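**Q** Reassemble the complex: the two chains are provided individually, in unrelated frames, and hints are given to aid placement.
What follows is each chain in one-letter form.
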Amino acid sequence: MGAIGLSHYLLLSAALFAIGAIGVLVRRNVILVLMSLELMFNAANINLIAVSYFRPDLTGQIFSIFTITVAAAEVAIGLGLVIALFRNKDAINVDEFNLLKG
Amino acid sequence: MDQIAFYTISAIILGGGLAMVSSRSLVHSVIWMVVSFVGVGALFITLSAEFVGVVQIMVYAGGIVVLFLFVIMLVNLDEVRRMEYLHRQWLPAVLLICLLIAELGFMMWAGSQDSPLPTPEQLDTTLRGMGGNTETIGMALYTQFILPFEVVSVLLLVAMVGAIYLAKKHI
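Chains as they are written, first to last, in my numbering: chain P, 1 to 102; chain C, 1 to 171.
Same shape as in the complex, but just chain C (with noise of 0.2 Å):
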């Protein structure tokens, strides 16, 4: 049951991401995006993350779309549809993708010779135990995790006022 789900969301992550990248027309690219972006979702519900699977929706398919779309709507699109929509650079940087996955194989291949990949292990029962997973991170967030937390917020305060700045209308 659990390959069934494990397989589908895979392919439903990588197909879209296969598409967004491939696909000439931005608004496509963003459509498939949101794709891929829900099946992250649904796989960090599967992995009995649901708080984090529902922020990933959240955030992502909801708040980082819409921003996408409005620029694309912003820019010119007739204009881009028109141009060669490859860089020059297309060939070495496909071999140094080749590169990179061959390392990454050999890198987990590597690891699991050492020791063998850990084992499923009931994070449901013990978080359950605790209160429930989102009741858990909360606690975790505002105890153990509340310096990190706060720096995180001023970093948004600081984006939002440097993406304010930078969309005015003379720099």
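Same shape as in the complex, but just chain P (with noise of 0.2 Å):
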């Protein structure tokens, strides 16, 4: 274990990234999709602090506080179409959707 560098917490945000990807790809419920694209804005968070940290510069923690308001923007946007789909189709699973299949 030697001194925690920037590619540790590159490494950390890599994982975290990996396994909200997983997530969205192969759980079919949409809620949970969504909660996944969560962990993945996290790890784009994790960089930009992270490389903030270790170049002595503001830019990437405020850079970071606009991230976490479009999350915010994001989330509430697509938990209305997800009451809305429910409601009109009665169904919550990604592959259930196919309103715009030709």
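For the record, the hints were derived by calculation from the structure and aren't laboratory data. Keep in mind it's a predicted model, so treat the numbers as computed, not measured. All residues carry an ideal CB built from backbone N, CA and C; glycine is no exception. Among the clues, some could well be false.
Quick look at which bits of chain P chain C covers, simulated, 3 or more residues with Cβ under 8 Å [as the list claims (entries may be wrong)]:
id : region
1  : 24–31
2  : 42–50
3  : 91–99
**A** Structure, rendered in structure tokens:
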């Protein structure tokens, strides 16, 4: 166990991103897909904060605040869509939504 | 000391994420998501980003989780539990993720061959000279980053109106 460098944080963020991507691609439940999307947002935030720490520059932290805001907006819209879809189609599995299929 | 902190927090984050993705019950998934998000917030605080860490815990572990719980209570849980929980495409998806991990690992390895990764410098002392983390972020947000700040507040307003419209009874 050497000193903790930037590569440790990048590896942690890559692992978290991979877990989130697995959740998006593998699970059928659309709410869990949205939650995995949040995990991927968090992985990106870890990268921003770690780089802002290792090259002393505050811009990474400010950008991650914007990322958190956009994630909150995305969750509000996404969950509104889930409610609307559940009301109209009575389903919350991603492979049952085929309204746009020709 | 910071090694112990880093490895403990990493284990919390990754374990929470794995348990979230793999648990069958949606409510359990949300609980594991809270564990993972609190871990990320703690990691931010160890990286001397106290303000972002607290914002992370307040927005994610506070607001977003409550939103998810509301929606989970609105949809029918018993029906969900009986259904198959993996998508048909899970095998190609896992292969794709393995490819993604290999790609990220190769890029990190190739990048570290070119130039050595930077060593930690003291962001803390630089910030303390400027008055502290929160003060500096507030100053930068309201001077240098005033335009993105206003644009993102308009985005939040649009998202709020859109969410209210989408959740109405009859679209």
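**Q** Against each hint, give a clear statement of whether it holds in the structure.
**A** Verification of the supplied hints:
1. Residue count for the region 24–31 of chain P with a Cβ under 8 Å from a Cβ of chain C: 6. That meets the three needed, and the coverage hint holds.
2. Only when three residues or more bring their CB closer than 8 Å to a CB of chain C does the claim for the region 42–50 of chain P stand; here the count is 5, and the claim holds.
3. Only residues whose C-beta sits within less than 8 Å of a C-beta in chain C count toward coverage, and the region 91–99 of chain P has 4 of them, enough to reach three; the restraint holds.
The structure meets every hint from the earlier list without exception.
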